Structures are given as C-alpha cells and as structure tokens.
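K.L.:
Based on these hints, arrange chain B on the given structure of chain A.
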Amino acid sequence: MRKILYLGPLILFVIIAIYFAAPILDGKDPRILPSAMIEKPIPNLDLPPLVRTKPGIDNQSLTGNVRLVNFFSSWCGPCRTEHEFLMKIKETKLVPIYGINYKDKKNAAQQWLSDLGDPYEKIGRDIDGRTAIDWGVYGVPETYIIDRNGFIQYRHVGPLSQRVFDDKLAPVLTALRKQEND
Amino acid sequence: MIAELGHYALVLALLVALVQTTVPLFGAAKNDFALMGVAQPAATAQFLSILFAFAALTYSYVTSDFSVINVAENSHSLKPLLYKISGVWGNHEGSMILWVLILALFGFAVARFGVHLPPTLKARVLSVQGSIGVAFLGFILLTSNPFLRLDPAPIDGRDLNPLLQDPGLAFHPPMLYLGYVGFSMAFSFAVAALIEGKVDPAWARWVRPWTLAAWTALTAGITLGSWWAYYELGWGGWWYWDPVENASFMPWLSGTALLHSAVVVEKRDALKSWTILLAILTFALSLMGTFLVRSGVLTSVHAFAVDPERGLYILAILVVFIGGALTIFALRAPTMKLGGLFQPISREGGLVMNNLLLSVATATVFIGTLYPLFLDATTDQKVSVGPPFFNATFVPVMIPLVLLMAIGPMLAWKRGDLPAAMSRLWFAVLVSLGLGVFIFWVNADEPFTPVIGFALAGWLAAGTLKEFGDRVGLFREKLSQSLARARRLPRSTYGMTLAHLGLAIFICGAVADSAWRTEVVINAKESDKASIAGFDALLEKVERQQGPNYQLERATIVIKKDGEYITTIFPERRFYPVQQMPTTEAAIHTTFLADIYVSLGEGGKNQGWTLRLWYNPLIPWIWAGCLIMVFGGLISLSDRRLRVGAPFKKIEPKKSKHSGLENA
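Protein chains in written order, with numbering that gives the first Met the number 0: chain A, 0 to 181; chain B, 0 to 663.
Don't read these hints as lab results, they were simulated from the structure. Computed from a predicted structure; not experimentally measured. Watch out, some of these pointers could steer you wrong.
Sample of chain B residues at the chain A side, in silico, Cβ under 10 Å [claimed, not checked]: (1) L291; (2) P581; (3) H588.
Beta carbons are placed, not taken as given, at the ideal position from N, Cα and C, and that holds for glycine.
Isolated chain A (complex conformation) (with noise of 0.2 Å):
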C-alpha cells in the first residue's frame, strides 16, 4: 500500500505531462481564434466614422469581396509597431483593410493617423468596446479575414508583420481568392 503511495506524484507528472504535449502535437496555437468564431457570419455591428472623409462601419460596408478588419487604439504599443506595415499593405493594394478604432480618444486617434498615415478604407469607432467583446477580442491589435459573404475566415492576435503576413494570413487570402473566382 504505501508503495503505491509513493507512485502518487510520478502519476499524476505523466498526467500534466500529456497535456503539455498536446497542445504542441495538434499544432495548436493559443493565439488561433476559436473554431466558435471562423466560419461565422460577423456579429452586428453600427460604427459611427472616426474622420469627417470616410464614413463609419455597419455590416453592409463589410460584404463583397475579401477585406481585412484591424482593431487599433492609439493607446497601444504593438498597434504602432504594425503600422508601417498596414501602410504598405495600403500602398501596394494588397488587400483593402477595415479599422475599428478600440476604446480611444477620439482626437488622439486623428491625431494617430495624421501623424503615422491613414491605412483604412474606412474607421469605425467602438467607444465603448462593445463590437470587440461580440467579436472575442483578446486585446489590440488583432486582425481579421473577412470573406466576401461577411464570414470571419481568420484571426491573428498580435501585430501584423511582413513575416506573420506571408506565413499566416496570405495563403487564407490566396484559397479565399481562388474560390471567388471558381
């Protein structure tokens, strides 16, 4: 009996041990969206503009073709980190990007985009971070793919990069782009 006893701690290690490793088996990142949310359609949502020159966001302005919805604060660090890169997605037309400006001041975030560039199509605001809790937001920055019905096709937690943009979110938009034009 007391044999069995001192087994206790090696059990239960191989136990915890199992569910380390299985995270890293499945490829499972903890920054992927929950299966819950791709492949489904984008929660309501009625933003009103951030600039005078581009309107704001409801749930007509996201469907058509494939887009990107990029949640940004003024506030935050990693946002400014990713913007240089969302202006070149702009400059080089890669993608048209959607933004929705999280819990900010409003003139702090004009005062953002004059000073850094303007890389939306158009900026909704979400005064009071309510569109990001029904879209799961962990936290700014975050991206999304958007098909052209409206449905959530990818998340990327974190900011973008050249990198994360041709190991993550480019082959998403490529196998979008084929079956738009099956």
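P.N.:
Below, chain B without anything else, positioned relative to chain A:
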C-alpha cells in the same frame, strides 16, 4: 572567428558534460576512485568552456558584429553599452547560454568547494548535474544556436525590445536564473541520494546552502522583475498574476517549503522522502517555467518567440528528468528508513504545517495558471484566469501560514508546548489587535481586508521580534548580557528573523496598495493642474529631446502639497525608431509612506497630453520587505555552519536537546 570559437566551445562543453555524466556514475557504482575523480576536472572544464562561449557571444554584442544573426536581431550599434551586454540574455538563444552557464557554475562550485562530501555522493551529484548540462547544451546546439552567421550582414541591427532596455531588467534575468537553475543543485543532491539510497542529516546540511542561495537569488530576481513592471510598464501595478510571473513564483513557493523541510531533516532526521520529493518538484517547477515561457503553450505578455519544436524539446527534457527522478523516487523512497518521530505540536509539526500550506499555495497558483490550458485541451474553450481567482484562493491559504509563522519558531523540537508558546505571544496579540483597530478607525467606510492584513502583519512582526528578544533574554537580563547573547547567535537565526520581518513589511505594502491606491487620468496642457490624494501636480512644460537611440518627450511636473513645494519630477515618453515602439518612463516620487507615480501619455501642445497619476500608499514597503528577505537569505548564507568551504565538523547529536533555541 570569435563566434565560431564560441560555437566550438559549446560543442566541447557538451562532450565534456557527457563524460561528466557517465564516467563518475559508473565509478561510483564500481567504487572506483579514479573514475569518480573524473567528475571534478570535467565540471571545471565544462564551466570554463561555457564561460568562453558566453564571453564570445558578449564580445559579438559589444563589437556589434551583425554578421551573427542573434546580434543582428537583438542589438543595434547606437544602443548604450549596458544594454548591448544585457542584450546577450534579452533573447531566447542568449538566455539559454546564460542558463547553462549558471548550471555549470553550480556544478563547478560543488566540484571546487565540496571537498568534504563523501566521494560517491559527490560523484553522483556531479553526474546528475552534468546530465542536465548535456540536455540543455544539446537543446542549444540543435534548436537555438546563437552563433549562426548571416550573409550578407546587415548594416545595422534590429535593436532590443525597448521595454527591455532598462537597468532593472538588465539584472532581472541573471538573478532569476541563479534561482531557477540553483534549484538544480537540490535536484542533483536528491537524485544522488536516491541512487545512494541514503538520506541523513549530513545530506541535508550539504543541500541547504545551495537551496538557500537559489532561494535568495530567486527572491531578488522576482523582486527586480516586479519593480521593473511597476515603473516601466506605466500601469502603476506591481503584480498581475501573469503566467510568466506565476512560473517564477511557483518554484519560489515550493523552494521556500524545501528550505524549511530541509531543516527538519538536518535537525531531526525526519521528513526525508518528503524533502527529496520537494527538491524534485521545485526543480520541476523551475523547468516548467522555462518550458512555458518558450513553448507558446500559454499566452503571456512576456513570452519569448514561440517555436513548437523548441517547446517539444524542453518538454522532452522535463519528462526525462522529472519523470526519471519520480520513477527512482517511487522505487527507492519506500525502502528508506523512517526518521525521528515527533508530536503534532512541535517545531517539526509547525514546519509540516508550513510545508502543507505552502504546497497548497503552490497548487492554487499551478491550477490558476494552467487551468486555461487544461480546459482548452479537453473542451476547446478559451478562458483566462485573472487576479480575482488568485485573490480568492491564494490569499486565504496565506492567512493561516502567517498566523503559524509567529507560533512555529516558539515551539520546541519533538514535543512543543502550545499554551506556553501562546503565553509568550500576548505581546503579538496586543500589537495585532491595536493595529487592526487603528486601521479600522482610519479606514471606517472602506472594505475590511486592510484591517485583517495589517493585523496579520502586526502579529507576524511582533511575534518574530518577541521570539528574537526571548532568545537574547531581552528585558530579562542586563542589556550588556543580551547583546553578548545576540552576538553569539548563529547568523542563520538572524536570517530567519529578517526574512520573517521582511514578509510582514511586504504584507503591509501589498495590502495598503491594493486597498487604498487612487488613480487620476486627465488631459493636461502646459500649466494645467491635477490633484491627487491631497497633492497638486502642475504640468509646467513638455520638451522634445534626443536620447542615444530614441527620441523623447519629457514633462516637467511640480508637486506641491497645501501650496508648499515638494518636488519636481520628469516623466518621459520615449520613441525607439528602429523598433517603431514607444515606451513610457514613469516618474516616481517616493516617500516613506507612499509613491506618487506619474506617467506621460500620448499628446501634443495643442490638444494636451494624457497624464496618469497614481497615489500608491506603502508601495515602497513591498520592495523594502523583499529586499529585507534577500538580505536575511544572504546573512543566513554567510553562517559558518552552512559555508560551502568550511571545514567539516561532525554534528553533535547532543546539540539538538537545546535546539529550542536553534533557528528554523
């Protein structure tokens, strides 16, 4: 060339570590002194090779050799020298080199100073230590080689994450690793003892200094990390129960338990298999920290670049070493002789309770940290466990622990007298009640938690001081006699007293800050004012300046109270162009009782700047308490009985009769 030499030195270290693992182990089994003797020069050679590799990498950083990928990705020619050096361990590959360097340093120290260890034990300890070296050197060479070249070499590097360019964080990783890796020593001793099949008080005497050294360094490392988070991240908080923070806190908790249970083995020859198990688990938690930070299994703000291959490799190391050690434990521990018996009410009983509570505390942190992982694996649900969970589970375990901390040291070994101990604690009861009532009175409308917190802290501080006073016969004998007695007390007694007092001070700081912190956020233009906790802050001006590798906005803020000038502080907002990243450098005015903490946000001359002001009562006590704990650890470490090189003296069994006066 230098980088290639460093690479070569790592390969050499791996080969030497292989020899260190196999030959002495075989020698110990055959009782062959020549083969066992190989361990010593091998440990020295392994340490020197890794030291050379570390120096080579540092050289590449200092000379900004961007043909080395690791340097190009993490350094920049304009970076100040301190951060060029700290950049060596500010990334995954370099930090692993530091990891094995410290591992080899501990092995070297045992080889060099453990002259009085029985030869077979020493050979086996160094062999186990060497095998950990083999695993991690292999890991570095196969998946994380920092000496790989880049062709063509870029003109300049990508710079270190600006948040890490900070003096607090320059020294945080080395201290933390000294702690993490230091527990490898306790692990090696535990496994060697299991192989030998013998654990005795002498064994505990050899293990304790290493555990104490690791504990002290880990305490310092966690404190530095928390202090850095406090002033650099600009959120005004100091602990977030983030997975990575928890990863360093778990080995601290179980290491603290180990420190106390080793005392029981040393003094009473009891709790032997439990102590062995704790030594294995503490190192397991240290390894798990390394795994969690580098595998991407959990998301955290300060995780390293994520790589599944590396994660799997470290997991394999974890499974081989901890699984292996626990297997030997299951086979060997039941055959070990049971040690001395004791009554539940005794010093041993108190230390068993201490271990039980610390283990439960470790388990709560473990469950809170890993619950998201377990849930995700079984149900695909995503959750994050935050401070409310830890406040609701961890804190209640700490309350009985703190209550016990004042009583335990008053109990005699073997059979204690609880009423007698309690009657010595009336002073602590008075202080505790007094402090509680005082806080209740000044804090009438607020939640009740600070009342409990301060009452506990008062109880602990007064109980600890009373115990020390009784030891030196304060107020019972003449002052000169008391002083003479105080001089004769072992240093480890001072260590314990200081560490326990440090915790009391820490509790005051933590409780006060969480209950009474106030925060004000305003949008201020030049010559605007804000007031917080009775202080007035005037934003005098904001200037643009140029730093060595960043641009900055620097605000001048004058703090006054009732119209009287207190101080001028300068919060900064920096922008690092290479990484395109802003950082905030909060300005902090520290007084004995509180911090005034100001951070400068986004803004401009016309629309004003966002200013965040915090009034953090007693927060300096958090760092002060932790520093006192570290200091206690250092004092205790300098105790002659624990000194690593001290001539070996046989333990006198008679001594334990008076051990009511000995330290815990």
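K.L.:
I'd like to know which numbered hints this structure contradicts. Please list them from smallest to largest.
P.N.:
As far as the earlier hints go, only 3 is violated by this structure.
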